[in-house]
Amino acid sequence: MASQANIQELEKIASQVRRDIVRMVHAVNSGHPGGSLGCTDFFVALYFHILKHNIEFDMDAKKEDLFFLSNGHISPVWYSVLARSGYFEVSELSTFRKINSRLQGHPTTEEHLPGIRIASGSLGQGLSAALGAAQTKKLNNEDNLVYVLMGDGELQEGQIWEAAMYGAHHKVDNIIATVDYNGQQIDGPISEVMDLKDLKAKWQAFGWEVIESNGNNMSEIIKSLEHAKSLTGKGKPVLNLMKTEMGYGVDFMQGTHKWHGVAPNDDELANALSQLEETLGDY
Amino acid sequence: MAETKFTFTEKKDTRSGFGDGLLEAGRNNEQVVGLCADLIGSLKMGAFQKEFPDRFFQTGIAEANMMGLAAGMTIGGKIPFTGTFANFSTGRVYDQIRQSIAYSEKNVKICASHAGVTLGEDGATHQILEDIGMMRMLPNMTVINPCDYNQTKAATLAIADYQGPVYLRFGRPKVPIFTPDNQKFEIGKAINMIEGSDVTIFATGHLVWEAIEAEAILREKGISVELINIHTIKPIDEAAILKSISKTRCVVTAEEHQRNGGLGDAVAQVLAQHNPTPQEYVAVDDQFGESGKPEQLMKKYGLDAEHIVAAVEKVIKRK
Ligand SMILES: Cc1ncc(C[n+]2csc(CCOP(=O)(O)OP(=O)(O)O)c2C)c(N)n1
Ligand SMILES: [Mg+2]
Numbered sequence: 001m002a003s004q005a006n007i008q009e010l011e012k013i014a015s016q017v018r019r020d021i022v023r024m025v026h027a028v029n030s031g032h033p034g035g036s037l038g039c040t041d042f043f044v045a046l047y048f049h050i051l052k053h054n055i056e057f058d059m060d061a062k063k064e065d066l067f068f069l070s071n072g073h074i075s076p077v078w079y080s081v082l083a084r085s086g087y088f089e090v091s092e093l094s095t096f097r098k099i100n101s102r103l104q105g106h107p108t109t110e111e112h113l114p115g116i117r118i119a120s121g122s123l124g125q126g127l128s129a130a131l132g133a134a135q136t137k138k139l140n141n142e143d144n145l146v147y148v149l150m151g152d153g154e155l156q157e158g159q160i161w162e163a164a165m166y167g168a169h170h171k172v173d174n175i176i177a178t179v180d181y182n183g184q185q186i187d188g189p190i191s192e193v194m195d196l197k198d199l200k201a202k203w204q205a206f207g208w209e210v211i212e213s214n215g216n217n218m219s220e221i222i223k224s225l226e227h228a229k230s231l232t233g234k235g236k237p238v239l240n241l242m243k244t245e246m247g248y249g250v251d252f253m254q255g256t257h258k259w260h261g262v263a264p265n266d267d268e269l270a271n272a273l274s275q276l277e278e279t280l281g282d283y
Numbered sequence: 001m002a003e004t005k006f007t008f009t010e011k012k013d014t015r016s017g018f019g020d021g022l023l024e025a026g027r028n029n030e031q032v033v034g035l036c037a038d039l040i041g042s043l044k045m046g047a048f049q050k051e052f053p054d055r056f057f058q059t060g061i062a063e064a065n066m067m068g069l070a071a072g073m074t075i076g077g078k079i080p081f082t083g084t085f086a087n088f089s090t091g092r093v094y095d096q097i098r099q100s101i102a103y104s105e106k107n108v109k110i111c112a113s114h115a116g117v118t119l120g121e122d123g124a125t126h127q128i129l130e131d132i133g134m135m136r137m138l139p140n141m142t143v144i145n146p147c148d149y150n151q152t153k154a155a156t157l158a159i160a161d162y163q164g165p166v167y168l169r170f171g172r173p174k175v176p177i178f179t180p181d182n183q184k185f186e187i188g189k190a191i192n193m194i195e196g197s198d199v200t201i202f203a204t205g206h207l208v209w210e211a212i213e214a215e216a217i218l219r220e221k222g223i224s225v226e227l228i229n230i231h232t233i234k235p236i237d238e239a240a241i242l243k244s245i246s247k248t249r250c251v252v253t254a255e256e257h258q259r260n261g262g263l264g265d266a267v268a269q270v271l272a273q274h275n276p277t278p279q280e281y282v283a284v285d286d287q288f289g290e291s292g293k294p295e296q297l298m299k300k301y302g303l304d305a306e307h308i309v310a311a312v313e314k315v316i317k318r319k
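From first to last, the protein sequence lines are chains C and W. Residue numbering for the first sequence follows UniProt numbering, starting at 1 and increasing by one per position. Residue numbering for the second sequence follows UniProt numbering, starting at 1 and increasing by one per position.
No lab work stands behind these hints, which were simulated from the structure alone. This structure is a prediction, so every number in the text was calculated from the model and none was measured. No false leads were slipped in.
Listed next, the stretches of chain W that the computed footprint assigns to chain C, with coverage defined by at least 3 CB atoms under 8 Å from CB atoms of chain C:
hint, segment
1, 37-47
2, 119-133
3, 292-300
Negatives, chain C to chain W, calculated, CB over 12 Å:
hint, residue
4, Q4
5, N6
6, E56
7, E142
8, H169
9, D198
10, K202
11, K223
12, E268
13, Q275
For each residue, glycine too, the CB sits at the ideal point set by N, CA and C.
Use the sequences and the hints to build the structure in full.
Here is the structure:
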């Protein structure tokens, strides 16, 4: 369990990560702030509290927990959290999306950025990879867990449901898959673009243990992830349906699909930064 | 630098040519329907959706389903235009296209934006450079890669009138408009842009403009360039290729694509069979792309006018 002091510490980190995100996308006038801001609290909780991981990067990650980002477009939050965790220098965040950078628009292994184990960006593929990695952990007799994050719009891809079926059938019970349930995608609210209807019932029907959580409250995230952990090892894969608000933390970006993949201009950046405390020093 | 033989007053993205062409095709023919997988803005399909809401289908992020739906809609006479990024229009759904569209001879128009490195900052996951190769390998498939806004609009209108599966490839960045407004687009017919005698450049898509700039540089160096715009890569205009090389006796091909499988290989096949001729490729050399600005990437991956000039100088020495 995390103490109150602990929670405050994590919230401070999250504020800095949100600053990093808006500064990174502003600098190259491209990238995806909306989903990144919405998932910031989750990433911070995961990397600074939940995950058993080693910042001396090793692709095979024996005896470590693993994390996969399936919705690769929210790379800014991942890069910031990896840098703030010590995987690489925070100054490298300034190379995001620029030519000759390790910080590609979508995460890649080609540039050997520490922390990344598979490319993502083309949606729908991460759950399959995470299930495969989880099975390798079992084959290697490791009791570590595999975490994966997916977008809710991303769940419209058929491959996700092929993977869902597989995970339950093969009792891959060392995985915690989280859905960024923000209700938004590029063309608008999910309910208008392609309704996902009763997601909880869908995952349950596919044979997953489903929990629901709030992804924009640090202590609740920790609680729900710890609860999710307690559900592993019981013969079923675990699905964390995590409600978030796209753009969370910057009032004018909040709760709309408009900021899915648009960078703030100079004034908007200044406005955003005025809402986010600089806690660890900007890169 | 000498003046280019073509000039422009405006730059526009080729995807807007598609969007405007689709709207007009929809007005001309009520059988035209549109499908899109959560990229309406990027594909410029919003105007069509607005004017023909009953003939527009949002599929969500589900490209494989979109291809199957489009194939089914042709049965009974609809002419479906699918819209998503070039990567998700081809590699993502290859077997759906292969079985349900190409093999089944369905009248589907696969319209693909953000092709090649010039989509820029999104990086290699989105920058497909293999799509022309994949599509031209499919029997029954027509493959078109127009060069500017006007030509893309004309091509969109032309494929609506053509019976059979088509892959139409276009891009994201704003590029010069240098071909005529309201041109007639003839599928499979190459366009001789500049006549010359020392070398033929066969270019497609965004590389046609780069070749126009290269011609100006080469003219100053005393090299006479023939430039042919191959907007239709399949079926390729064999007669135009053979006619030009019988005069120039050497060839440079230029495309925003892998050297494997693209325009260069299509031209090389014609040459090898009918009239073996020295050829140099301006294309991406068996690599993935990366994030960056379009101009930076065109330079780094060897696709700009300078690289065309170097390829011409090299191939002339091989005559
Ligand atoms: C296979 C595939 N199709 C389309 C896209 C383009 N695309 C990128 S993000 C996105 C929307 C994703 O929605 P969601 O997963 O809900 O993420 P959010 O917008 O909430 O960040 C789309 C359609 C893609 N990257 N991959
Ligand atoms: Mg979403």
